[in-house]
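Based on the provided sequences and hints, a complete structural model is requested.
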Amino acid sequence: MHDQQSPIYADVVGFVENYLSLVYRRQVNENSDTVWCPEWWQHAEAIARLDVVWRAWEQNRLHARTSGGMWLLEHADPHMTKLLDPRGPFRYCGTPNGHLNLLGPLPLKSPPGGMFRLPTAKSSETATGSGTSLVYGEVVDFVENYLSLVYRRLVNEYSDIVWCPEWWKHAEAIVRLDVVWRSWEHYRRDAGIGSSTWFLEHADPHMNRLFDQRGPFRYCGTKDGHQDMLGPLPLKSPPHDMFGISAVADSQTGTGDAVPTTFAGVVDFVENYLSLVYRRQVNENSDIVWCPEWWQHAEAIARLDALWRAWENYRLDARTGLSMWFLDHADLHMRRLFDRGGPFRHCGSESGHQDMLGPLPLVSPVRGS
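In this note's numbering, the protein residues as written are 194 to 562.
Just so you know, the hints here were simulated from the structure itself, not pulled from any lab data. Hints should not be assumed to be uniformly reliable.
Unchecked claim - Below, in silico cross-link-like pairs of lysine-lysine (DSBU-like), each with a Cα-Cα straight-line distance of 35 Å or less:
id, residue 1, residue 2
1, 429, 362
2, 275, 302
3, 362, 416
4, 275, 416
5, 302, 362
6, 275, 429
Now the structure itself:
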């Protein structure tokens with residue numbers, strides 16, 4: 194009789210060969226829109242993803258009522274979508290030709306010595322939110338010895354994704370990859386669904402932002418290297434005392450306790466953090482818009498104030514806090530503000546603020562009817 198708590202499959206190979214490959218039957222030939230490598234174990238990313246799919250299955254099966262559905266939707270489907278994607282790790286492989294080792298690690302150049310201070314025992318505790326020792330000493334070590342080996346992609350002047358070998362020259366990349374590392378150190382301690390959660394809820398979304406041709410690596414490449422062509426978002430300071438909120442009061446109303454805030458208010462936050470992180474091409478010819486006088490827009494004030502307050506709250510969680518802030522708050526709000534159909538529709542970095550959008554038109558209901 195099989196012990197319910199014991200794994201059904203001895204390892205990931207047994208799981209893939211005797212379960213996963215039988216469930217996910219797909220047309221995978223040179224004419225199909227999905228790809229697969231019969232030697233999946235030759236790919237670091239496939240090993241990592243399929244291993245966590247197996248571990249998640251073994252954990253979820255113990256919950257008989259919802260195990261199958263939840264496992265498929267929250268773990269298997271997202272990971273298999275990445276692996277079956279023609280732009281993913283199996284890009285050049287196939288059933289007729291087998292495994293083709295044509296995708297190397299993401300190209301990297303090491304940062305100057307001392308740019309990222311190696312953590313002490315105390316900062317090790319800060320990085321993980323506990324006293325657990327780190328696998329990687331700092332974010333550079335993590336990127337060079339893990340992340341770049343897992344996310345192997347075609348990144349040249351002809352590909353649809355971009356990468357900068359000197360990622361550490363981009364404020365946004367530093368912040369995103371740092372939180373990807375910190376969240377990895379946290380989730381690796383959960384042998385069940387931890388690594389799957391890390392991939393799907395942290396690594397994949399952040400890497401999608403960095404690989405995006407409209408993102409921080411827009412002008413960089415493996416051939417030409419780093420190109421410093423994206424400056425901070427253009428800003429004009431609001432009138433003095435327009436935002437008359439004290440830092441002491443905000444430390445209580447913004448985060449719910451008496452912890453002092455890092456930034457004195459939303460203006461300080463936008464000018465000294467947000468505009469430096471979200472560097473984008475914002476001119477008359479770009480596909481996104483921005484208003485240097487964002488404080489002239491009620492929606493922008495509300496969204497950016499909420500972003501600042503959320504940042505002050507999430508920064509207190511050294512494990513996954515800022516990763517969640519980016520993905521659950523910042524990226525979503527900034528997408529609305531950058532959208533040409535949004536509040537900055539008629540504004541621009543050159544033309545400045547244009548007050549051409551009024552409130553939504555309304556007709557008051559007839560009272561008493």
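Hints, verified against the model:
{"no.": "1", "hint": "429 <-> 362", "result": "25 Å, holds"}
{"no.": "2", "hint": "275 <-> 302", "result": "27 Å, holds"}
{"no.": "3", "hint": "362 <-> 416", "result": "16 Å, holds"}
{"no.": "4", "hint": "275 <-> 416", "result": "26 Å, holds"}
{"no.": "5", "hint": "302 <-> 362", "result": "11 Å, holds"}
{"no.": "6", "hint": "275 <-> 429", "result": "42 Å, violated"}
When held up to the earlier numbered hints, the structure conflicts with hint 6 and nothing else.
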